[in-house]
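Protein chains: 2
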Amino acid sequence: MAPEFAPPPASAPAAPDLKMTLESPLVLQSGVTLSRVTLAYQTYGTLNAARTNCVLVCHALTGNQYLAGVHPATGKRGWWDDLVGPGKVIDTDRFFVVCANVLGGCMGSTGPKEIDPGAGKPWGLRFPVITIRDMVQAQAKLLDYLGVEKLFCVTGGSMGAMQVLEWASRYPTRVFAAVPIAGSYRHSAQNIAFHEVGRQAIMADPDWSHGNYLEVDKIPKRGLAVARMAAHITYLSEAALHRKFGRRLQDRETLTYGFDADFQVESYLRHQGYTFVDRFDANSYLYITRAMDYFDLAQENGGVLANAFKGTPVRYCLISFSSDWLFPTEESRAIVRALNAVAANVSFVEVESDKGHDAFLLDEPEFHQTLQGFIDGSAEICGLPPRLAKGPRA
Amino acid sequence: MAPEFAPPPASAPAAPDLKMTLESPLVLQSGVTLSRVTLAYQTYGTLNAARTNCVLVCHALTGNQYLAGVHPATGKRGWWDDLVGPGKVIDTDRFFVVCANVLGGCMGSTGPKEIDPGAGKPWGLRFPVITIRDMVQAQAKLLDYLGVEKLFCVTGGSMGAMQVLEWASRYPTRVFAAVPIAGSYRHSAQNIAFHEVGRQAIMADPDWSHGNYLEVDKIPKRGLAVARMAAHITYLSEAALHRKFGRRLQDRETLTYGFDADFQVESYLRHQGYTFVDRFDANSYLYITRAMDYFDLAQENGGVLANAFKGTPVRYCLISFSSDWLFPTEESRAIVRALNAVAANVSFVEVESDKGHDAFLLDEPEFHQTLQGFIDGSAEICGLPPRLAKGPRA
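Those sequence lines, one after another, are chains W and B.
Residues 1 to 394 (our numbering) make up the first sequence, in order.
Residues 1001 to 1394 (our numbering) make up the second sequence, in order.
Same shape as in the complex, but just chain W:
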């Protein structure tokens, strides 16, 4: 495959706001052609001389490219800092880790918030609807640009898992190992319904201004906050909510008989909603939820999921969480059955956890051990040097 660009130096330093702009237009799944697509991305670790140690991490709905370490501007830890770093499960002393903000996102990649070069103003709703396949196609171009022809591993949770499945099924020769975590091969009716509530909440906010809020200098904060609150409940298990909050009151001894946040869980939820609007774009939320809703790897393969994996050389490891009701274990099992049907190399672990869907973002030892074991085993088979047996992790 001929890269469209001269590759950058093999050792790309971690820095804010790395960007890559495609010279050729991207033909989207909808048929629309999108020109001058930019992906904002981060890299961690060093690409080896053979260019065989790249791990691509795909982020979730509201995730971003800042995986590890501390973001220089926000001061926040990366969303997978527990897992990615020197000596960690995804060991940046061994692997060259890449994570890009998805197409349609709002952290520097081309999306509805960015300026439409043709119109000289933000895309807003004129931005074309994108799909998981489009996101993955753009990532493949980024890897061309980075000089990575084949990934050692592609992984991610939730919407990240959808991208992993799309990657491994569409580019089987470019992936050695694939780890879809807490994901599904198609978005369920219940999940589409929750997304639709979020979109309706955003669109119900008059400040959304039919999608043109950036042009009229408004932000649909209330609608986006409500969308986030509804979604946030689905990320946790009932047990986790009960353990964290129960019916405990917030900074008061007794009920106030009013509509303030009497309960801690209300206060927490409001906080989740109203801090989200400072870091996320409402139109991006519409586009990315739509991409997830549209994802159906079976339907794309003649209605038979196994067709997506026929003859695949990819080594798969699927991970689900027992209390995840947004992407329940059964959804991962369906993928495992399809992979078994084509005699693929697949392992599967349901991690016992009461933390719900969010467990893939949390310090969950059995999950980390599972990923560690699979990565180390795959690295050995792939001919990569073993993990250094050294003292305490950095």
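A portion of the hints provided could be inaccurate.
Beta-carbon label-pair distances, calculated as ranges [what the hints assert, rightly or not]:
hint : chain 1 : residue 1 : chain 2 : residue 2 : range
1    : W       : D354      : B       : V1304     : 20 to 30 Å
2    : W       : K76       : B       : L1249     : 56 to 66 Å
3    : W       : R279      : B       : D1376     : 51 to 61 Å
4    : B       : Q1250     : W       : G311      : 45 to 55 Å
5    : B       : D1363     : W       : S322      : 53 to 63 Å
Some chain B residues flagged as far from chain W (calculated, every beta-carbon gap over 10 Å) [stated by the list, open to error]:
hint : residue
6    : L1018
7    : V1027
8    : H1071
9    : T1074
10   : Y1171
11   : Q1200
12   : M1203
13   : I1219
14   : R1270
15   : V1304
16   : G1311
17   : T1312
18   : H1368
19   : Q1372
FYI, nobody ran anything at the bench for these hints, they're computed from the structure.
Glycine included, every Cβ here is placed at the ideal spot set by N, Cα and C.
Based on the hints, put chain B in the right spot on chain W.
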């Protein structure tokens, strides 16, 4: 107990808009005194001479007093018409069935939509926060008015079950049998969270006008619709949504790559939201969800649920549904355990159903048979005449 009113004729005919207004003020759980409380109610069947055949049905969050038959104005079937009527499970040939719109409701009972007599304008947010106990206290006054000192049975689903539990624990000598269906003794953190999302959606709508929308001739339709959509998902099981809609498209062959309702489930949800605003008051939604959130029968009894039932003479039958994730079976089991701890007369059935929480409103044969068996058995013990063994039901 001296009724505050002269009782009406024992046989009260079914008619729209029966109303009872309390002469004495109601002292609410908050300590606030509410004057001239009106309850709008319906009755079905005839009170027997001994006044021993009354069944009180308590409605759910968005329910109303129109249980059975066809509403003369709306033309809609009553929400429990499958269960209540001549020859049906709650047989109006045998029982005198009463259902009142709850205090705080919007179907004729005193609530935030009604005129505050002191101010000459709608209550809005000046209406005091009410509780399940307040609702039940008002119902007890209604029964005084109707000349019913002791209920043969009190039953209801969801918030109705909360009222049933409050009734049986607070007025144990006024209840012979109690059937809380798909309920809980306290609202869980997850359920408070979902309610809070609904309230935030309503309050985020500028047309809500800080609760004064009726005064400025507006309706917070968009906010209320979003609240309803989010809540509606919780009433169904994932299996039911999958069975009813799956990923089927709405009136189209292919995805449109846009934000229209491509999927049937989206279309259904939008319909649920936007028809709801025509029949429900946004402020009532705030007040009634708050009443549910505040309900905690254990906390009201020194933190020990069993204390709520000590020495109870009431015969209990608890019913839950296997796919109900809003009020899961475990919540009913906790009540059964508390009743067992005080050696109460209790039976419990978890009905196998994939219909989710809404199953209590649907034609679910095992549920109907359970209720039928318990009612017939209790009627026999209570000395009421047996069900007529006749041909097909009316």
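How the hints compare with the structure:
Hint check: W:D354 to B:V1304, Cβ distance near 25 Å, so the stated range 20 to 30 Å holds. Checked against the hint of 56 to 66 Å, the C-beta distance between W:K76 and B:L1249 comes to roughly 40 Å, which is inconsistent with it. For the pair W:R279 and B:D1376, the supplied restraint of 51 to 61 Å holds, since their beta-carbon distance comes to about 60 Å. In this structure the hint that B:Q1250 and W:G311 lie 45 to 55 Å apart at CB is violated, the actual value being about 36 Å.
Between B:D1363 and W:S322 the beta carbon distance is about 34 Å. The supplied range of 53 to 63 Å is therefore violated. The beta carbon of B:L1018 is kept farther than 10 Å from every beta carbon of chain W, the shortest such distance being approximately 30 Å. The beta carbon of B:V1027 is kept farther than 10 Å from every beta carbon of chain W, the shortest such distance being approximately 13 Å. The claim that B:H1071 is not at the interface with chain W holds, since no C-beta of that chain comes within 10 Å of its own (minimum 29 Å).
Every Cβ of chain W is farther than 10 Å from the Cβ of B:T1074; the closest lies at roughly 26 Å, confirming the non-interface assignment. Remark: the non-interface label on B:Y1171 is consistent with the geometry, its nearest Cβ contact in chain W lying 23 Å away (cut-off 10 Å). Against chain W, the non-interface label of B:Q1200 is violated: not every CB pair exceeds 10 Å, the least being about 5 Å. Residue placement check: B:M1203 does not keep its beta carbon more than 10 Å from all beta carbons of chain W (closest about 8 Å).
With a cut of 10 Å on Cβ distances, B:I1219 stays outside the contact zone with chain W, its closest approach being about 13 Å. Not every C-beta of chain W lies more than 10 Å from that of B:R1270, the closest at about 7 Å, which undercuts listing it as non-interface. Non-interface status of B:V1304 relative to chain W is upheld: no Cβ of that chain comes within 10 Å, the nearest being about 15 Å off. Distance check on B:G1311: its Cβ is at least 27 Å (rounded) from any Cβ of chain W, clearing the 10 Å threshold; non-interface status holds.
Listed as a non-interface residue, B:T1312 keeps its Cβ farther than 10 Å from every Cβ of chain W; the least gap is roughly 24 Å. Annotated as non-interface, B:H1368 keeps its C-beta farther than 10 Å from every C-beta of chain W; the closest such distance is 27 Å. Even its closest Cβ contact with chain W, about 32 Å, leaves B:Q1372 beyond 10 Å, as expected for a residue assigned away from the interface.
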